[in-house]
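Quick mapping for you: the protein sequence lines, in order, are chains A and B. Quick note on numbering: this note's numbering labels position 126 of the first sequence as 136, and the sequence is numbered without any gaps. Quick note on numbering: this note's numbering labels position 302 of the second sequence as 312, and the sequence is numbered without any gaps.
Quick caveat, the hints were computed from the structure, so don't treat them as lab data. Heads up, a few of these hints could be off.
The list treats identical chains as one, so a pair stands whether inside a single copy or across any two.
[Unchecked claim] Below, a list of computed lysine-lysine pairs in the DSBU-like style, where the Cα atoms sit at most 30 Å apart:
{"hint": "1", "residue 1": "K198", "residue 2": "K84"}
{"hint": "2", "residue 1": "K202", "residue 2": "K290"}
{"hint": "3", "residue 1": "K175", "residue 2": "K88"}
{"hint": "4", "residue 1": "K269", "residue 2": "K215"}
{"hint": "5", "residue 1": "K300", "residue 2": "K95"}
2 protein chains.
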Amino acid sequence: MSLLVIGTVAFDAIETPFGKTDKIVGGAATYASLAASYFYDKIKIVAVVGDDFPTEEIKDFNNHHIDTEGLQVKQGEKSFFWSGKYHNDMNSRDTLATELNVLANFDPIIPENYQDCHYLMLGNLTPQVQQTVIKRLKNRPKLIVMDTMNFWMDIAMDDLLETIKMVDVLTINDAEARQLSGEYSLVKAAKKILTMGPKYLIIKKGEHGALLFHENHIFSAPALPLAEVFDPTGAGDTFAGGFIGYMAKVGTVNFNNMKNAIIFGSALASFCVEKFGTEKIRNLTEQEIKARVQEFVQLSTFDIK
Amino acid sequence: MSLLVIGTVAFDAIETPFGKTDKIVGGAATYASLAASYFYDKIKIVAVVGDDFPTEEIKDFNNHHIDTEGLQVKQGEKSFFWSGKYHNDMNSRDTLATELNVLANFDPIIPENYQDCHYLMLGNLTPQVQQTVIKRLKNRPKLIVMDTMNFWMDIAMDDLLETIKMVDVLTINDAEARQLSGEYSLVKAAKKILTMGPKYLIIKKGEHGALLFHENHIFSAPALPLAEVFDPTGAGDTFAGGFIGYMAKVGTVNFNNMKNAIIFGSALASFCVEKFGTEKIRNLTEQEIKARVQEFVQLSTFDIK
């Protein structure tokens with residue numbers, strides 16, 4: 011039994027009102043696998059980097075019990091690079107540069123060793139590649155979680171709809187839920203999206219928390235109100251990684267466990283934004299996570315009989 | 011002991027994507043007192059209308075145990091009138107007409123009979139008038155809740171700051187909290203506003219719920235995700251009325267009771283938007299309110315030890 015994470019492993023250069031970074035390690039699979047590693051210890055990654063990717067960064071994955079056999083290192087090529095600048099409100103950003111590099115021809119090869127996958131996290135990537143991974147697994151995983159974004163809705167909607175059909179949980183933000191469904195009301199949007207394939211839909215609302223939809227059930231998770239958001243990069247991937255990591259830990263797929271998984275994912279995401287890049291989520295303790303989750307409990311508990 | 015509500019009692023003409031109304035009864039004090047009436051039966055209102063205001067509407071207040079001795083009826087004058095048109099997203103609106111009429115010279119006279127006020131709801135009005143009401147009460151109420159809006163921040167900030175000093179609970183929306191404090195982060199905004207006088211701050215976030223701040227405590231209340239928002243007019247006033255009505259019912263001012271009061275206020279507001287104007291909140295049953303509150307419990311409960 012293992013948790014397979016696919017997505018980008020890449021370099022980011024980030025500018026926020028609080029400062030800017032040189033090239034630092036980022037990417038959806040990086041954030042998601044690091045977050046999941048706090049809950050589950052059989053994590054395997056499928057991704058591609060160039061020979062510019064530091065060996066010590068790969069070792070750091072391994073230190074988090076993340077198997078990197080499926081991390082292809084392309085000699086003579088460069089890793090995917092994204093650069094962005096956040097506005098003062100930290101809710102919007104401009105992309106300054108996107109260099110696909112190795113990602114342009116990414117063929118997600120699944121090592122034989124990875125065929126024991128029970129939990130599959132499809133981090134944000136071309137829907138075509140996400141779909142290929144599902145098809146290459148000999149047994150369908152017990153739980154497939156897919157993250158995606160408006161970019162793919164704009165340029166690859168047909169592929170996206172094909173891929174969505176094959177997953178259990180879809181995670182998108184509120185604007186994306188509206189775009190995908192053509193409905194403004196999130197209740198109507200969710201109802202429509204739940205007919206497209208996924209049995210569960212998570213709508214991420216950033217500082218407003220997240221909504222989980224399943225059949226006629228809705229769960230509303232709060233976000234932790236933060237005094238400072240230092241760098242929002244990777245928060246969504248961290249959320250998804252924490253979510254599926256917790257689900258892999260508890261092992262039973264149901265609505266109640268998913269509610270808790272959303273709280274744990276939100277807690278991990280709340281750490282993520284406190285420092286640049288992956289800095290904060292590389293070195294968390296169990297104690298810190300427990301205390302943060304208790305803050306969520308405090309935040310949302312009321313007592314009406 | 012009584013709950014005094016001040017604010018507008020007026021006419022609205024509303025246009026939404028679902029239809030439009032002729033002049034119907036609205037106003038902050040109308041919504042707030044009707045909402046409060048489901049929790050408390052000694053409600054008194056101070057407001058002003060013209061002789062165009064229907065007698066049967068005043069009787070309907072009385073049917074809800076709302077004392078209208080303080081409702082001034084100005085002969086030969088017209089009631090306050092507001093007309094607005096909501097955009098498709100129902101989150102923004104254009105004001106089509108504002109006719110102050112009787113409101114232009116509103117002097118909030120407090121009948122002697124009203125001096126037993128223990129709970130005071132200052133519905134949205136000129137801060138100057140809100141302040142006058144506080145000063146005219148011989149004994150300071152046990153709980154003063156004040157609702158206001160960006161309009162007064164734009165044109166009467168000094169008066170607003172003076173009035174805010176005198177209240178216990180301030181209810182504003184997120185944009186207004188940012189405007190009032192000059193801080194983007196709601197945590198920082200709340201910290202600043204809590205030094206301006208109020209001991210409690212409620213930040214209303216519409217479809218994203220509400221946040222309650224007090225000392226170092228934060229409570230995050232969800233909003234009920236709705237398939238249809240028919241008419242948002244009065245939702246904030248209904249929320250505030252439900253909130254203070256519940257507080258008057260339980261009688262003890264503390265953070266835990268306020269958390270519940272926010273849930274009851276949110277439940278009432280969720281009814282309000284289901285029909286035009288006050289239609290829905292005039293005829294609720296205890297059973298309906300109880301069931302709606304249970305939906306909020308279901309929506310936000312998770313079980314992490």
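Going down the list of hints, with the structure as the test:
1. K198 with K84: neither (45 Å within a copy, 47 Å between copies)
2. K202 with K290: between (37 Å within a copy, 28 Å between copies)
3. K175 with K88: So K175 and K88 fail the 30 Å test inside a copy (33 Å) and across (60 Å) alike.
4. K269 with K215: both (15 Å within a copy, 22 Å between copies)
5. K300 with K95: neither (32 Å within a copy, 48 Å between copies)
Checked against the numbered hints above, the structure violates hints 1, 3, 5; every other hint is satisfied.
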